[in-house]
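So the protein sequences, as listed, match chains A and B. So for the first sequence, our numbering puts the first residue at 1323; every next one is plus one. So for the second sequence, our numbering puts the first residue at 16; every next one is plus one.
Everything labelled a hint here was simulated from the structure, so no lab data went into it. Note that beta-carbon positions come from the ideal geometry of N, C-alpha and C, so glycine has one too. Just to be clear, a hint being listed does not mean it is correct.
Stated by the list, open to error - Computed spacing ranges between beta-carbons, pair by pair:
#	chain 1	residue 1	chain 2	residue 2	range
1	B	Asn84	A	Lys1501	23 to 33 Å
2	A	Arg1552	B	Thr39	34 to 44 Å
3	B	Ile48	A	Lys1501	55 to 65 Å
4	B	Val34	A	Arg1374	30 to 40 Å
5	A	Ala1680	B	Asn29	51 to 61 Å
6	B	Ser35	A	Ser1393	49 to 59 Å
7	A	Gly1740	B	Ile28	50 to 60 Å
8	B	Ile51	A	Ala1604	29 to 39 Å
9	B	Ser69	A	Lys1501	47 to 57 Å
10	B	Thr39	A	Glu1328	35 to 45 Å
11	A	Gly1671	B	Gly32	55 to 65 Å
Unchecked claim - Cut-off 25 Å, straight-line C-alpha distance, at most; resulting in silico cross-link-like pairs (BS3-like, lysine-lysine):
#	chain 1	residue 1	chain 2	residue 2
12	A	Lys1719	A	Lys1677
13	B	Lys54	B	Lys92
14	A	Lys1567	B	Lys102
15	A	Lys1568	B	Lys102
16	A	Lys1638	B	Lys36
17	A	Lys1381	B	Lys76
18	A	Lys1377	B	Lys76
19	A	Lys1465	A	Lys1377
20	B	Lys92	B	Lys36
21	A	Lys1381	A	Lys1465
22	B	Lys54	A	Lys1639
23	A	Lys1639	A	Lys1568
Stated by the list, open to error - Covered by chain B, according to a simulated footprint, are these stretches of chain A (three or more residues, beta-carbon under 8 Å):
#	region
24	1323-1329
25	1384-1391
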Amino acid sequence: MPYEFEEILETIRMTQVEHFDIRTVTLGINLRDCADRDVNVICQKVYDKITRVAKNHVKIAEDIERRFGISIANKRIAVTPVSIPFDNLKKDEFIKIAETMDKAAEAVGVDYIGGFGALVQKGFTKGEKELILAIPEALANTKRVCSSVNVASTKAGINIDAINLMSHQIKETARLTAKDGSIGCAKLVVFCNVPEDNPFVAGAFHGVSEAEASINVGISGPGVVLQAIREAGRVDLGQLAEVIKKTAFKITRAGELIGRKVAELLGVEFGIVDISLAPTPAEGDSVADILEAMGLQSVGAPGTTAALAMLNDSVKKGGLMASSSVGGLSGAFIPVSEDAGMIRAVQKGHLSIEKLEAMTSVCSVGLDMIAIPGDTPEETIAGIIADECAIGVINDKTTAVRIIPAYGKKVGDIVEYGGLLGSAPIMPVRNLSSKEFVLRGGRIPAPVRSLTN
Amino acid sequence: MDSGRVIITSYGINRPGVVSKISTILAEANCDIQDITQKILQEFFTMIMIVDISNSPLSFKELHDRLANAAEEMNIKIMIQHEDVFKSMHRI
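Construct all of the structure, not just a fragment, from the sequences and the given hints.
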């Protein structure tokens, strides 16, 4: 037999028992050819294009799922940041586009569509400002649309004006979606150094340098890594890094295979495989559990940042060996609400926003799915975002903030979203003012390391 | 670039007729069993088959569904997966 008995059983165990799945197969679609002066014409073009290109997306992904026996949890769509092709539009017209995107996503059977966003790290165009103004209503009026705005980069610095505006919009989104636990904020990300090929919503969009259409794949395997670490037993950290690397290799190879097959059948380019460890609220599918299996009493204990750094780096090394098309965010995700172990640590008081912030300096995303009291001032949210951007800008990495100032909720409450979004305990925020700092406005200049030429 | 081969893995509580049932389904579907390996541990069995399905008139889904029905009938698990997934995960 060309394969060892154990090899085959290992694959079966990963997919059947340890929650290894393809988290998302995301179809990126260029919308730059949908521009027009008249918003109704734009909406028609956008709808037609999305439904034409994505017509078979879900069906093909399901066929591939069956053929390889690996579940594909989500089939999604990302489009060109909407502010780019439609820069001539006003706020209300952008809301119409969001509604059109929602309808198109529904028509082709996908649960989320990313790309209602803008790239404003250096400044706003008129259209970009209008789009940002439209975000709260766009998210409140739709179910499937996700929005992301890039406000900082190592090359451009940190646009504090954009952060202030976004903080206001986050609060407004929370208010408009108050009856659903401010769920609009779960569909809104503020980025620094955003990758243009990230397949994971809410931050997914089809970057301006991308091809006409492309398939990007996000894998997810915290359960598999957890099991491998448990099986490794009491080995030293160098050996543990090897174990993680080998596991990441295998899941990346499976991810790339599936991405390439879906792309081939859809007749579009294969983009990247994002080798992120993306947790789900399911028991045993948690990044926090991995850190605890590495030896920490609880995530949040001293040593957490070091453990996470090693995990993240080992995943990357295994992934890079496995595929030449690694991209997107590619690292460990540490969302609070979507990870049972993280929720537990927050509820027990083991994990603060400050510790999470430190962890984001070594992981792939940022402060993700963190619920805070609804009365947190918007300037404080701006301060939190500015801190995350500073980590990203100085370390030349992606960071992001997806924060939920849950309307009417206070510390001790829990917001339940269900499904992959999980449930979010409201975390305390330091009651110290950032106002005089962030309201200075302007842009924090690009750091020394931007001058790499 | 597909090899046309699948790996069929079945496991569960051992009982007479498991191999015969699966191989009959495959023979009827004109699938060629190229390799079989089986292990039995007390009352549990695990069987792995490498099967060429390229000459089968059935679609992958039809074959999948027939095996799924048989699995349900015999109260065992049967997985059918394209060979490429094992090749990519376990071979460089």
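Item to check | Numbered hints the structure breaks, given as an ascending list | outcome: 1, 4, 6, 7, 10, 16, 22
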